[in-house]
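Just so you know, the sequences run in chain order A and B. The opening position of the first sequence corresponds to residue 10 in our numbering, with each subsequent residue numbered one higher. The opening position of the second sequence corresponds to residue 54 in our numbering, with each subsequent residue numbered one higher.
Note that these hints are calculated values from the structure, not bench results. If you're wondering where the values come from, they're calculated on a predicted model, not measured in any experiment. Mixed in with the good hints there might be a few duds.
[As the list claims (entries may be wrong)] Straight-line Cα separation of at most 20 Å, SDA-like style, residue types lysine to any residue; simulated pairs: (1) Lys403/B to Arg365/B; (2) Lys252/B to Asn621/B; (3) Lys51/A to Ser574/B; (4) Lys577/B to Ile256/A; (5) Lys304/B to Tyr538/B; (6) Lys83/B to Gly161/A; (7) Lys694/B to Glu683/B; (8) Lys118/A to Pro103/A; (9) Lys567/B to His24/A; (10) Lys37/A to Gln604/B; (11) Lys37/A to Ser612/B; (12) Lys577/B to Ser612/B; (13) Lys69/A to Asp327/B; (14) Lys403/B to His24/A; (15) Lys403/B to Glu23/A; (16) Lys710/B to Tyr367/B; (17) Lys37/A to Asn621/B; (18) Lys234/A to Arg148/A; (19) Lys567/B to Lys608/B; (20) Lys42/A to Ser263/B; (21) Lys118/A to Lys252/B; (22) Lys444/B to Glu23/A; (23) Lys236/B to Arg148/A; (24) Lys304/B to Lys710/B; (25) Lys37/A to Met564/B; (26) Lys83/B to Ser574/B; (27) Lys110/B to Glu23/A; (28) Lys42/A to Glu683/B; (29) Lys710/B to Glu683/B.
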Amino acid sequence: MKFDLNNDKLYRMEHYNMNLTVKVWRQKNSKDKGGFVSYQVKDISSEMSFLEMIDVLNEKLIVEGAEPIAFDHDCREGICGQCSLYINGKPHGPWMANTTCQLHMRAFKDGDTIVVEPWRAGAFPVIKDLMVDRSAFDRIIQAGGYISVNTGNAVDGNSLPINKDHADASFAAAMCIGCGACVAACKNSSAMLFLSAKVSHLALLPQGEPERKSRVLNMVAQMDKEGFGACTNTGACEATCPKEISISNIARLNKEYLFSSLTSDK
Amino acid sequence: MLDAKIPSGSLDDKWTAYKGHCKLVNPANKRKLEVIVVGTGLAGASAAASLGELGYKVKAFCYQDSPRRAHSIAAQGGINAAKNYQNDGDSIFRLFYDTIKGGDYRAREANVHRLAEVSGNIIDQCVAQGVPFAREYGGLLSNRSFGGTQVQRTFYAAGQTGQQLLIGAYQALERQVALGNVKMYPRHEMLEVVKIDDKARGIIARNLVSGELERHFGHAVLLCTGGYGNVFYLSTNAMGCNVTAAWKAHKDGAAFANPCFTQIHPTCIPVSGDHQSKLTLMSESLRNDGRIWVPKKKKDERKAIDIPEEERDYYLERRYPAFGNLVPRDVASRAAKERCDEGYGVGTSKQAVYLDFADAIVRYGKIEAGKEGNDHMSMEDIIVLGKEVVKEKYGNLFDMYEKITGENPYEFPMRIYPAVHYTMGGLWVDYELQTTVKGLYCLGEANFSDHGANRLGASALMQGLADGYFVIPYTLGNNLADDIYSKAIETSHPAFEAAEKVANDRIQKLMNIKGKQSVESFHKRLGKIIWDKCGMARNEKGLQEAIREVQALKKEFWSDVRIPGEVNEMNPELDKANRVADFIELGELMCIDALNRNESCGGHFREEYQTEEGEALRDDANYMYVAAWEYKAEHEWNLHKEPLIYDVVKPSQRSYK
Numbered sequence: 010m011k012f013d014l015n016n017d018k019l020y021r022m023e024h025y026n027m028n029l030t031v032k033v034w035r036q037k038n039s040k041d042k043g044g045f046v047s048y049q050v051k052d053i054s055s056e057m058s059f060l061e062m063i064d065v066l067n068e069k070l071i072v073e074g075a076e077p078i079a080f081d082h083d084c085r086e087g088i089c090g091q092c093s094l095y096i097n098g099k100p101h102g103p104w105m106a107n108t109t110c111q112l113h114m115r116a117f118k119d120g121d122t123i124v125v126e127p128w129r130a131g132a133f134p135v136i137k138d139l140m141v142d143r144s145a146f147d148r149i150i151q152a153g154g155y156i157s158v159n160t161g162n163a164v165d166g167n168s169l170p171i172n173k174d175h176a177d178a179s180f181a182a183a184m185c186i187g188c189g190a191c192v193a194a195c196k197n198s199s200a201m202l203f204l205s206a207k208v209s210h211l212a213l214l215p216q217g218e219p220e221r222k223s224r225v226l227n228m229v230a231q232m233d234k235e236g237f238g239a240c241t242n243t244g245a246c247e248a249t250c251p252k253e254i255s256i257s258n259i260a261r262l263n264k265e266y267l268f269s270s271l272t273s274d275k
Numbered sequence: 054m055l056d057a058k059i060p061s062g063s064l065d066d067k068w069t070a071y072k073g074h075c076k077l078v079n080p081a082n083k084r085k086l087e088v089i090v091v092g093t094g095l096a097g098a099s100a101a102a103s104l105g106e107l108g109y110k111v112k113a114f115c116y117q118d119s120p121r122r123a124h125s126i127a128a129q130g131g132i133n134a135a136k137n138y139q140n141d142g143d144s145i146f147r148l149f150y151d152t153i154k155g156g157d158y159r160a161r162e163a164n165v166h167r168l169a170e171v172s173g174n175i176i177d178q179c180v181a182q183g184v185p186f187a188r189e190y191g192g193l194l195s196n197r198s199f200g201g202t203q204v205q206r207t208f209y210a211a212g213q214t215g216q217q218l219l220i221g222a223y224q225a226l227e228r229q230v231a232l233g234n235v236k237m238y239p240r241h242e243m244l245e246v247v248k249i250d251d252k253a254r255g256i257i258a259r260n261l262v263s264g265e266l267e268r269h270f271g272h273a274v275l276l277c278t279g280g281y282g283n284v285f286y287l288s289t290n291a292m293g294c295n296v297t298a299a300w301k302a303h304k305d306g307a308a309f310a311n312p313c314f315t316q317i318h319p320t321c322i323p324v325s326g327d328h329q330s331k332l333t334l335m336s337e338s339l340r341n342d343g344r345i346w347v348p349k350k351k352k353d354e355r356k357a358i359d360i361p362e363e364e365r366d367y368y369l370e371r372r373y374p375a376f377g378n379l380v381p382r383d384v385a386s387r388a389a390k391e392r393c394d395e396g397y398g399v400g401t402s403k404q405a406v407y408l409d410f411a412d413a414i415v416r417y418g419k420i421e422a423g424k425e426g427n428d429h430m431s432m433e434d435i436i437v438l439g440k441e442v443v444k445e446k447y448g449n450l451f452d453m454y455e456k457i458t459g460e461n462p463y464e465f466p467m468r469i470y471p472a473v474h475y476t477m478g479g480l481w482v483d484y485e486l487q488t489t490v491k492g493l494y495c496l497g498e499a500n501f502s503d504h505g506a507n508r509l510g511a512s513a514l515m516q517g518l519a520d521g522y523f524v525i526p527y528t529l530g531n532n533l534a535d536d537i538y539s540k541a542i543e544t545s546h547p548a549f550e551a552a553e554k555v556a557n558d559r560i561q562k563l564m565n566i567k568g569k570q571s572v573e574s575f576h577k578r579l580g581k582i583i584w585d586k587c588g589m590a591r592n593e594k595g596l597q598e599a600i601r602e603v604q605a606l607k608k609e610f611w612s613d614v615r616i617p618g619e620v621n622e623m624n625p626e627l628d629k630a631n632r633v634a635d636f637i638e639l640g641e642l643m644c645i646d647a648l649n650r651n652e653s654c655g656g657h658f659r660e661e662y663q664t665e666e667g668e669a670l671r672d673d674a675n676y677m678y679v680a681a682w683e684y685k686a687e688h689e690w691n692l693h694k695e696p697l698i699y700d701v702v703k704p705s706q707r708s709y710k
């Protein structure tokens with residue numbers, strides 16, 4: 010059994026400082042054309058997180074009287090899904106199974122040039138600099154990503170035993186943080202991994218059964234309406250997903266979709 | 054000023070009696086009543102969804118780009134409920150008792166009992182929503198232990214319980230959005246409460262994308278805006294968590310209760326340098342299996358694995374044999390600080406202790422070997438099997454630790470140190486969760502009500518969801534029943550205009566300072582003052598100094614802060630400035646409250662008041678009250694006391710020995 014992650018740089022225990030060139034996408038607002046601007050940052054510690062490096066750069070920009078770089082971030086512990094960033098051509102940067110906020114500077118070395126872009130997808134328009142609008146994901150959930158149960162007198166939790174393997178598989182899909190890296194990684198800007206994670210989470214549980222067919226049909230329809238592309242099974246989404254959501258969920262989604270299309274009463 | 058409106062009758066019957074007698078609003082009238090919900094974490098999302106289901110017209114606001122990102126999502130370990138599925142003697146009374154005792158007898162009996170009563174319903178509701186809780190092979194729900202209790206009542210979903218519960222509430226909320234019952238306003242921040250005839254009737258919110266100020270009417274306003282831990286700058290809170298909504302409500306008449314009751318969580322990843330922007334928690338659930346220790350020798354430079362067993366001091370097991378590593382958070386944090394202050398700390402900063410899984414790995418490995426019927430397995434193979442079990446239980450936490458520190462916790466013990474995590478203080482609310490401003494409610498971490506001076510692990514998720522799913526749907530109706538004749542008020546009303554002007558004037562004032570220092574640099578300095586002087590240990594002299602320093606910092610902030618960019622556009626620096634300006638004022642009140650409370654209780658540890666063994670020494674004769682502060686003017690507050698009356702529990706010196 011191996012516990013080491015797939016990047017040996019992670020284990021470089023000694024701390025070091027580095028000077029870097031950071032090429033950042035700057036765009037004043039959604040109407041602006043935007044372009045890359047290069048910045049030099051000095052004395053960055055290998056202990057810093059990637060976003061702390063941007064903090065240092067922003068502090069410098071503010072003191073110099075320039076406008077800081079706008080980027081989305083919140084929890085900085087890899088769970089809220091608000092951080093994004095395309096770093097050196099990869100969503101969330103070079104580490105596997107990782108979010109940008111958990112990327113640390115020991116992934117880079119002195120003298121590196123780092124290119125930072127926003128998520129690139131038609132359905133995620135840029136708001137400013139590195140921030141994009143991901144409200145399309147909320148609308149996909151609104152189309153059916155829930156179990157219709159009002160607050161009130163639900164039956165006792167243990168009155169519904171659930172096969173542990175199904176519960177575990179459901180949980181594995183439910184770990185999706187809705188960050189949109191799967192869309193950004195996909196050459197078609199497809200949202201199939203995101204959508205399949207939600208469909209799987211609910212389809213694998215008995216509670217999801219009553220709305221099983223309408224859910225998948227409505228959610229897929231909404232995804233298409235939002236302008237996400239089709240899936241061509243390249244697997245880039247799975248490879249980039251910070252929570253390692255499996256592409257087998259897409260297979261399950263396709264099965265659910267086909268089954269529901271053929272048998273739905275509507 | 055303070056009427057807690059606690060129903061009469063025996064403790065067991067209060068909530069049932071309240072529900073049986075509270076006023077109702079009929080469905081046709083609910084459609085005419087508008088409710089504003091600020092914040093969409095567990096409390097806000099569950100309230101907005103439940104009120105939408107009932108038929109109220111709800112508007113929900115959050116500063117994040119989606120309600121799914123609220124910081125409740127980061128809660129790791131679990132949620133308590135008095136289900137007694139484990140047959141280990143749990144009951145509503147025990148959960149109630151543990152919470153009161155854990156809070157060091159500074160919480161209200163009636164509120165806490167209600168919390169324990171509805172705890173079971175929360176689990177049922179979440180299961181019905183499809184929250185994938187951990188299960189046993191028989192398909193039933195699994196439980197684990199948490200600090201401050203001797204039963205297994207914590208329900209969990211690996212180390213992502215908060216995420217799964219929030220996604221459940223978020224989905225319920227999005228369903229109401231789809232049905233048209235809730236209108237969602239993401240990337241919005243509330244800047245003012247609008248009061249008409251002494252009732253909260255709306256808010257002024259800044260659209261964080263366009264920079265515009267918006268006016269929103271509501272028959273009632275619910276603040277579900279979380280805690281104020283970021284006053285310390287470094288905390289386990291998300292970067293955006295702030296006190297602004299609660300603080301604006303406070304300055305507009307809502308009393309702020311027990312601001313000095315803040316929780317320092319014992320197991321966080323230590324600070325690594327000045328660049329640090331936030332701290333990361335390692336779930337309390339790790340204390341189920343991890344053993345906390347420091348070397349017996351001061352300034353021991355050896356690696357952890359080179360220090361033999363007999364030269365290790367498992368100080369929690371030594372000091373508290375009954376609860377061992379599972380003592381409550383305040384006790385564990387102070388014990389870690391005590392060892393580090395005495396010179397036994399580890400790591401480069403010496404501000405850390407070990408959390409070691411070596412024993413657990415061997416223990417689990419032997420169990421697995423036993424299952425295979427192999428009694429002669431080599432230690433190496435046992436360790437391989439044991440690591441597999443530990444990975445299953447805590448894998449995501451170990452991965453997170455590894456990414457942040459670059460060290461493998463399966464091989465070396467984790468280094469941990471206490472960090473700010475939760476705030477028990479908050480807006481004062483009565484039994485109905487209404488603040489001292491009529492029509493203004495406060496739910497979840499943002500209110501003060503249920504955790505006294507210290508919160509037990511896995512109780513925050515419970516309280517947030519209890520308030521949103523099971524309390525506010527009843528108590529709001531009881532008050533709105535009298536409001537069915539009130540028509541919606543046009544936002545052209547002078548009160549809206551005046552409130553918008555206040556918000557706008559402050560923004561203009563901030564932008565016009567055009568000073569030299571960044572918002573962040575002020576926030577860091579504020580955090581250092583509060584951490585050093587109003588953190589894990591406080592004393593009179595330090596608090597007096599801190600008050601002066603915070604006042605001076607406020608002056609400097611308002612004369613030298615630099616905010617780049619424009620008002621009418623997305624401007625994260627301006628948003629931060631609005632928040633830090635309020636944190637500075639809150640910081641002053643925290644110190645005033647800590648100075649006023651001449652006793653130690655729970656997370657509030659005044660060095661002058663401790664037992665011979667260094668435990669918190671309460672003064673029940675003089676301080677058994679909720680300190681509710683009324684804002685008068687700059688640097689000026691009135692103290693109102695709500696006496697705490699214990700009808701059922703007998704307060705005693707808390708002992709975990």
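Next on the checklist: Run the distance test for lysine 42/A versus glutamate 683/B: straight-line Cα separation, threshold 20 Å.
Outcome noted: violated, 51 Å
Checklist entry - Regarding the pair lysine 69/A and aspartate 327/B, is the alpha-carbon distance no greater than 20 Å? => result holds, 15 Å
Checklist entry - Would the pair lysine 577/B and serine 612/B pass a check requiring their Cα atoms to be no farther apart than 20 Å? => result holds, 17 Å
Checklist entry - CA of lysine 37/A to CA of asparagine 621/B, is that 20 Å or under? => result holds, 12 Å
Item to check | Satisfaction of hint between asparagine 621/B and lysine 252/B, Cα-Cα up to 20 Å | outcome: The given pair, whose Cα atoms are some 30 Å apart, is violated under the 20 Å limit.
Checklist entry - When you check the alpha-carbon spacing of lysine 444/B and glutamate 23/A, does it fall within 20 Å? => result violated, 26 Å
Next on the checklist: For lysine 403/B and glutamate 23/A, compute the direct alpha-carbon distance and say whether it is at most 20 Å.
Outcome noted: OK: lysine 403/B and glutamate 23/A at ~18 Å, within 20 Å.
Checklist entry - Given the proposed pairing of lysine 37/A with serine 612/B, does the C-alpha separation stay at or below 20 Å? => result Not OK: lysine 37/A and serine 612/B at ~28 Å, beyond 20 Å, violated.
Next on the checklist: Between the alpha carbons of lysine 83/B and glycine 161/A, is the straight-line distance 20 Å or under?
Outcome noted: Roughly 18 Å between the alpha carbons, so the hint for lysine 83/B and glycine 161/A holds.
Next on the checklist: lysine 236/B and arginine 148/A were given as a pair; does the straight-line alpha-carbon distance stay at or below 20 Å?
Outcome noted: Holds, at about 12 Å.
Next on the checklist: Given the hinted pair lysine 234/A and arginine 148/A, is their Cα-Cα distance within 20 Å?
Outcome noted: holds, 10 Å
Item to check | Hinted pair lysine 403/B and arginine 365/B, Cα distance within 20 Å | outcome: holds, 16 Å
Checked against the numbered hints given earlier, the structure breaks hints 2, 4, 5, 9, 10, 11, 21, 22, 24, 26, 27, 28, 29 and satisfies all the rest.
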